[in-house]
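All chains, please: the whole structure from these sequences, using the hints.
There are 2 protein chains.
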Amino acid sequence: MTTIDPARTTCPVPATETERVLLGHGSGGQLMAELLGEVVTGQLGEAGPLEDAALIGVGDTDLVFSTDGFVVTPRFFPGGDIGSLAVYGTVNDLAMRGARPVALALAYVLEEGLPLAELREITASVAQAARECGVRVVTGDTKVVGRGAADGCYLTTTGIGVRLRGAFPSATLGVPGDVVLLSGPIGAHGTAIMSAREGLGFESEIRSDSRPLHGLVAAMIAAGGPAVHALRDPTRGGLASALNELAEASGVTVEIDEIGLPVPPQVASACELLGLDPLHVANEGCLVAFVAASSADAVLAAMRNHPAGRQAQAIGVVGEAGGMAKVTARTLVGSTRVVDMLVGEQLPRIC
Amino acid sequence: MTTIDPARTTCPVPATETERVLLGHGSGGQLMAELLGEVVTGQLGEAGPLEDAALIGVGDTDLVFSTDGFVVTPRFFPGGDIGSLAVYGTVNDLAMRGARPVALALAYVLEEGLPLAELREITASVAQAARECGVRVVTGDTKVVGRGAADGCYLTTTGIGVRLRGAFPSATLGVPGDVVLLSGPIGAHGTAIMSAREGLGFESEIRSDSRPLHGLVAAMIAAGGPAVHALRDPTRGGLASALNELAEASGVTVEIDEIGLPVPPQVASACELLGLDPLHVANEGCLVAFVAASSADAVLAAMRNHPAGRQAQAIGVVGEAGGMAKVTARTLVGSTRVVDMLVGEQLPRIC
Chain P
1 MTTIDPARTT CPVPATETER VLLGHGSGGQ LMAELLGEVV TGQLGEAGPL EDAALIGVGD
61 TDLVFSTDGF VVTPRFFPGG DIGSLAVYGT VNDLAMRGAR PVALALAYVL EEGLPLAELR
121 EITASVAQAA RECGVRVVTG DTKVVGRGAA DGCYLTTTGI GVRLRGAFPS ATLGVPGDVV
181 LLSGPIGAHG TAIMSAREGL GFESEIRSDS RPLHGLVAAM IAAGGPAVHA LRDPTRGGLA
241 SALNELAEAS GVTVEIDEIG LPVPPQVASA CELLGLDPLH VANEGCLVAF VAASSADAVL
301 AAMRNHPAGR QAQAIGVVGE AGGMAKVTAR TLVGSTRVVD MLVGEQLPRI C
Chain C
1 MTTIDPARTT CPVPATETER VLLGHGSGGQ LMAELLGEVV TGQLGEAGPL EDAALIGVGD
61 TDLVFSTDGF VVTPRFFPGG DIGSLAVYGT VNDLAMRGAR PVALALAYVL EEGLPLAELR
121 EITASVAQAA RECGVRVVTG DTKVVGRGAA DGCYLTTTGI GVRLRGAFPS ATLGVPGDVV
181 LLSGPIGAHG TAIMSAREGL GFESEIRSDS RPLHGLVAAM IAAGGPAVHA LRDPTRGGLA
241 SALNELAEAS GVTVEIDEIG LPVPPQVASA CELLGLDPLH VANEGCLVAF VAASSADAVL
301 AAMRNHPAGR QAQAIGVVGE AGGMAKVTAR TLVGSTRVVD MLVGEQLPRI C
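Sequence lines, in order, name chains P and C. For what it's worth, UniProt numbering labels the leading residue of the first sequence as 1, then goes sequentially. For what it's worth, UniProt numbering labels the leading residue of the second sequence as 1, then goes sequentially.
Heads up, some of the hints might be wrong.
Derived Cβ-Cβ restraints for the label pairs, each shown as a range [said to hold, decoys possible]: (1) Gly146(P) to Val333(C): 38 to 46 Å; (2) Asp60(C) to Asp297(P): 35 to 43 Å; (3) Thr61(P) to Gly42(C): 25 to 33 Å.
I should point out that these hints are in silico values taken from the structure, not numbers from a laboratory. Where is the CB? At the ideal position from N, CA and C, for every residue including glycine.
And the structure:
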């Protein structure tokens with residue numbers, strides 16, 4: 001006869017002790033937001049909205065401060081490499097708070113066996129990208145780990161920026177009535193990386209959009225000043241996650257027009273083949289903005305006058321909070337669908 | 001008959017293309033200095049002496065900026081863990097330029113499968129260490145890589161500091177006649193890590209000296225002001241490498257008294273057993289200073305009044321440049337030996 005000991009019918013260890021980090025925790029989507037909220041920022045005492053960069057008042061100066069790790073694989077891909085991506089990514093995070101970059105710090109984790117020629121090439125790309133952005137790499141660090149422990153190399157870039165005059169963009173400042181502007185086509189970076197990694201043959205057609213956006217932001221702020229309410233570059237998690245984050249931080253809803261979204265035909269084909277939603281695919285060279293309606297035309301014109309915003313367009317409007325969905329899209333057939341954050345992992349190691 | 005084609009007797013690829021990153025490149029010693037000089041800082045256009053942190057003038061404020069990657073294994077060790085080590089390490093790099101920390105950025109690279117409980121514990125340790133140092137973690141980033149690709153987790157901490165009034169310490173400012181002060185015993189961190197990693201059984205006896213030093217530096221500067229010429233925390237590469245770097249940057253020589261060096265007996269035993277020179281073993285909680293002779297007694301007294309400097313002592317003097325050796329030690333038998341930088345790798349992954 002088998003007896004059941006009631007004490008042994010419970011799970012032998014609390015569920016939390018068996019929880020582990022998943023690839024999806026790095027996706028930039030819902031799982032990552034949960035990880036940050038429950039494990040990281042909760043403990044660090046950082047409440048409040050998630051911004052791309054932090055503000056710090058030092059003396060009379062408003063500094064902007066941002067850090068980003070880069071683990072992209074492959075390290076060289078059509079349209080860029082891990083070195084330039086690391087510089088542009090951090091410059092762009094500063095720009096999303098209306099700041100021009102003034103200094104970068106660069107930390108390498110190198111794997112034993114990495115060819116020095118490759119390290120030279122990556123470092124040359126860092127240097128070239130920094131020159132292009134008018135920012136100096138002023139300090140750094142190099143660690144080496146054993147074979148198999150770092151997948152070639154990881155870079156962490158950290159930037160200090162100074163806010164432009166009259167610029168206060170924040171994820172929290174969107175208000176109903178704002179126009180949603182998008183600076184260019186979406187989906188190129190994620191599909192370029194996946195294609196390069198898996199040898200899918202799109203490489204010749206799709207190049208990452210990796211580029212710096214601080215000049216574009218400066219042009220937008222020159223044209224719109226404080227009417228530029230909120231800025232975000234839709235990297236991991238794609239445009240869908242960026243819009244959801246802005247809507248959440250500002251306490252508003254967003255309605256976009258799916259028909260007009262600029263998805264290049266090659267990206268659309270690749271996404272269809274791979275079963276990806278272009279709205280969830282990472283970008284590294286475009287931004288989305290909430291701009292006061294009265295200044296939207298002027299800001300849009302300024303964007304189109306800048307090389308990084310030639311294809312800028314209005315893609316939607318900001319509305320009052322209400323209902324369950326933060327972001328919705330008007331579809332081709334005239335219906336409305338919910339645009340959720342990316343859940344789980346669509347494509348690991350994209351940046 | 002075999003003919004030799006002269007064109008094929010040469011090495012098929014240039015030697016530089018076969019060079020690869022070695023574990024020793026991360027040692028903090030000679031190899032690392034070469035890697036930095038030839039591959040990294042050369043290309044980034046950063047010439048000049050290697051400092052622990054960079055100075056940036058923003059408005060009227062002298063900011064200090066420093067970044068550090070942490071890949072220590074094991075992640076938890078006697079006397080600390082990767083979380084507190086990352087905070088203290090960056091706080092200490094700022095302190096070596098005479099700065100108090102004002103903000104930290106924290107970037108994780110997490111390996112898929114890392115228990116969330118461990119991530120919580122590490123993050124709690126970061127938070128506790130930051131509170132202890134009076135600094136906030138204001139921004140961060142989280143990347144996830146696949147199983148086997150990051151050895152659990154790596155942290156990169158980057159700090160912004162503001163210089164204390166009347167404080168200008170720099171690796172370049174040592175002058176002949178300066179007294180060399182050491183804030184405490186050496187060798188504990190490296191031997192604690194090696195013991196914990198290899199299960200050598202010293203764990204119960206040797207604890208890492210990992211601790212913040214910004215309070216100690218503030219006390220030294222309050223006592224000595226600009227007489228505190230140069231500061232360095234002898235981490236990777238140990239006291240020998242730190243003294244060589246300071247001597248090189250200042251264009252001076254250093255003579256220390258080996259007999260009086262504070263090496264705890266357990267550390268000395270472990271080093272003897274393992275064939276290590278305590279002068280090359282990493283520390284994470286002491287500093288070495290070049291101080292003008294006229295203020296050395298006052299600074300030393302201030303150090304001994306601070307909890308992090310109770311066992312501070314003078315260990316040598318700074319001399320005129322000349323001869324081949326930058327750093328020499330008077331030995332037990334009255335002779336003099338050259339104290340070189342660490343060459344190659346003594347103990348990987350110590351921080």
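Evaluated hints:
no.: 1; hint: Gly146(P) to Val333(C): 38 to 46 Å; in the structure: holds (40 Å)
no.: 2; hint: Asp60(C) to Asp297(P): 35 to 43 Å; in the structure: holds (39 Å)
no.: 3; hint: Thr61(P) to Gly42(C): 25 to 33 Å; in the structure: holds (32 Å)
No hint from the list above goes unmet by this structure.
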